[in-house]
Amino acid sequence: MSDTADFPLVQFMREEFDPVAELGRIRAEHPVFPMEIPGSQTVYLVTRWEDVRAVLGDHERFSNDFAGVIGLGSNQEDPGGLGFRDPPEHTRLRKYLTPEFTMRRLRRLEPRIEAMVAEHLDRIEAMGPTVDLVAEFALPIPSLVVCELLGVPYDERADFVKLSKDRFDFTAGPEASLQAINDAMTYLTDLVARERKNPGEGLLGQLLRAHGDELDDRTLASMADGLLTGGHDTSTSMLALGTLWLLRHPEEADKVREVDGYINDVVEELLRYMTVVQVAFPRFARDDLELHGHQIKKGEMVLCSLAGANRDPALGEAMDEVRPGRESAGSHLAFGHGIHRCIGAPLAQMEMRIAFPALLRRFPGLRVAGEVPFRELAIVYGVKELPVAW
Numbered sequence: 004m005s006d007t008a009d010f011p012l013v014q015f016m017r018e019e020f021d022p023v024a025e026l027g028r029i030r031a032e033h034p035v036f037p038m039e040i041p042g043s044q045t046v047y048l049v050t051r052w053e054d055v056r057a058v059l060g061d062h063e064r065f066s067n068d069f070a071g072v073i074g075l076g077s078n079q080e081d082p083g084g085l086g087f088r089d090p091p092e093h094t095r096l097r098k099y100l101t102p103e104f105t106m107r108r109l110r111r112l113e114p115r116i117e118a119m120v121a122e123h124l125d126r127i128e129a130m131g132p133t134v135d136l137v138a139e140f141a142l143p144i145p146s147l148v149v150c151e152l153l154g155v156p157y158d159e160r161a162d163f164v165k166l167s168k169d170r171f172d173f174t175a176g177p178e179a180s181l182q183a184i185n186d187a188m189t190y191l192t193d194l195v196a197r198e199r200k201n202p203g204e205g206l207l208g209q210l211l212r213a214h215g216d217e218l219d220d221r222t223l224a225s226m227a228d229g230l231l232t233g234g235h236d237t238s239t240s241m242l243a244l245g246t247l248w249l250l251r252h253p254e255e256a257d258k259v260r261e262v263d264g265y266i267n268d269v270v271e272e273l274l275r276y277m278t279v280v281q282v283a284f285p286r287f288a289r290d291d292l293e294l295h296g297h298q299i300k301k302g303e304m305v306l307c308s309l310a311g312a313n314r315d316p317a318l319g320e321a322m323d324e325v326r327p328g329r330e331s332a333g334s335h336l337a338f339g340h341g342i343h344r345c346i347g348a349p350l351a352q353m354e355m356r357i358a359f360p361a362l363l364r365r366f367p368g369l370r371v372a373g374e375v376p377f378r379e380l381a382i383v384y385g386v387k388e389l390p391v392a393w
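Converting from the sequence shown to the working numbering requires adding 3 to each position, the first position being numbered 1.
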């Protein structure tokens, strides 16, 4: 393997649950791997756990300001969200959200998540086998959880769930996905305006009561859209992939059904093993710098492979296997690291801790009932469908 390659897309490729073998070879032989994008600059791929953690934790040398680096000129073009902002703006916006994502605050959502899961299991049971577990379980539940979190009115949730689904449905082409994103922002901006007049009990209402004078409607809508983007497709993928893995390992599924608390270890290990967000938001060198002997110029992009880092042998033995209860369980980078670590991580973990045992207990004979198509070249990895019967 040469020291430089045409942009190989290896960081987005999988063989079912596993990153392709070439990513492991890059990690072993090239701690920083330069990749050439045709007609553009060099991009540096970082794959080792220690290096990925160092880059993600260093906001002094690396910027997340995508719009600023490439010179976008209007708010409409700005990708928005916390993941594309640097301090002090990132610090200012995140401080508003942080109190809403403490476990104490999130526990108020737990009964509603349990009810949502039960309602969808009732619906699946009534439909009878065979069903697509992605469409009937893994996809709608995260959308409804975001609805509950934000305070979307009950009579608008079906439409909101459709908007959530359509933005991640690329089968209709990129234009349809972009239109769904625009429609979601339009809806959220309108919702914020309504909440400003009559704040509800959801996150938007809470933020407007406490900080309404400090946040304009578009900024708050953009923050809400970031929560939707970060909490929908990722949780859908984890629910589907995690269920598939458990059905292929019935002894582990039995433990989840029968052993109190075992699901906590399973969730942490599945998060590491699956790493559905394959690469972190791109980082850009703030100035000329050196990384593992490579001279990286100001403005050049660094991509951190979370999937590669979470399989790094430096983390422990047999990292290509699922072993719940690892000593290094809390060290995985599935939610990122540093100031940009996913703020919704506790909520995602709660969803999985509730959903997996409930599904497996309701349908003890649950089994895969057909071919499972996996996504290809995906930033957020997952399955397109998961046909099951019982």
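Read the hints as simulated data drawn from the structure, not as lab findings.
Just to be clear, a hint being listed does not mean it is correct.
Claimed, not checked - Cβ pair distances, simulated, as ranges:
(1) T45 with A121: 22 to 30 Å
(2) D169 with V262: 38 to 46 Å
(3) D169 with A118: 23 to 31 Å
(4) F377 with N201: 20 to 28 Å
(5) A129 with P102: 33 to 41 Å
Claimed, not checked - Here are the simulated EDC-like pairs of lysine to aspartate or glutamate, each with C-alpha atoms no more than 16 Å apart in a straight line:
(6) K387 with D186
(7) K301 with D290
(8) K98 with E113
(9) K301 with D291
(10) K301 with E18
(11) K200 with D186
(12) K258 with D268
(13) K301 with D268
(14) K168 with D228
(15) K168 with D193
(16) K200 with D220
(17) K200 with D219
(18) K168 with D125
(19) K168 with E19
(20) K387 with D162
(21) K387 with D61
(22) K300 with E19
(23) K301 with E113
(24) K168 with D219
(25) K165 with E139
(26) K387 with E19
(27) K98 with E217
(28) K300 with D290
No residue lacks a Cβ here, since even glycine has one placed at the ideal position from N, Cα and C.
How the hints compare with the structure:
no. : hint                       : verdict
1   : T45 with A121: 22 to 30 Å  : violated, 51 Å
2   : D169 with V262: 38 to 46 Å : holds, 39 Å
3   : D169 with A118: 23 to 31 Å : holds, 25 Å
4   : F377 with N201: 20 to 28 Å : violated, 45 Å
5   : A129 with P102: 33 to 41 Å : holds, 40 Å
6   : K387 with D186             : violated, 23 Å
7   : K301 with D290             : holds, 4 Å
8   : K98 with E113              : violated, 23 Å
9   : K301 with D291             : holds, 5 Å
10  : K301 with E18              : violated, 35 Å
11  : K200 with D186             : violated, 22 Å
12  : K258 with D268             : holds, 11 Å
13  : K301 with D268             : violated, 41 Å
14  : K168 with D228             : holds, 13 Å
15  : K168 with D193             : violated, 20 Å
16  : K200 with D220             : holds, 12 Å
17  : K200 with D219             : holds, 13 Å
18  : K168 with D125             : violated, 21 Å
19  : K168 with E19              : violated, 23 Å
20  : K387 with D162             : violated, 21 Å
21  : K387 with D61              : violated, 35 Å
22  : K300 with E19              : violated, 36 Å
23  : K301 with E113             : violated, 45 Å
24  : K168 with D219             : violated, 27 Å
25  : K165 with E139             : holds, 13 Å
26  : K387 with E19              : holds, 12 Å
27  : K98 with E217              : holds, 12 Å
28  : K300 with D290             : holds, 7 Å
Hints 1, 4, 6, 8, 10, 11, 13, 15, 18, 19, 20, 21, 22, 23, 24 from the earlier list are contradicted by this structure; the remaining hints agree with it.
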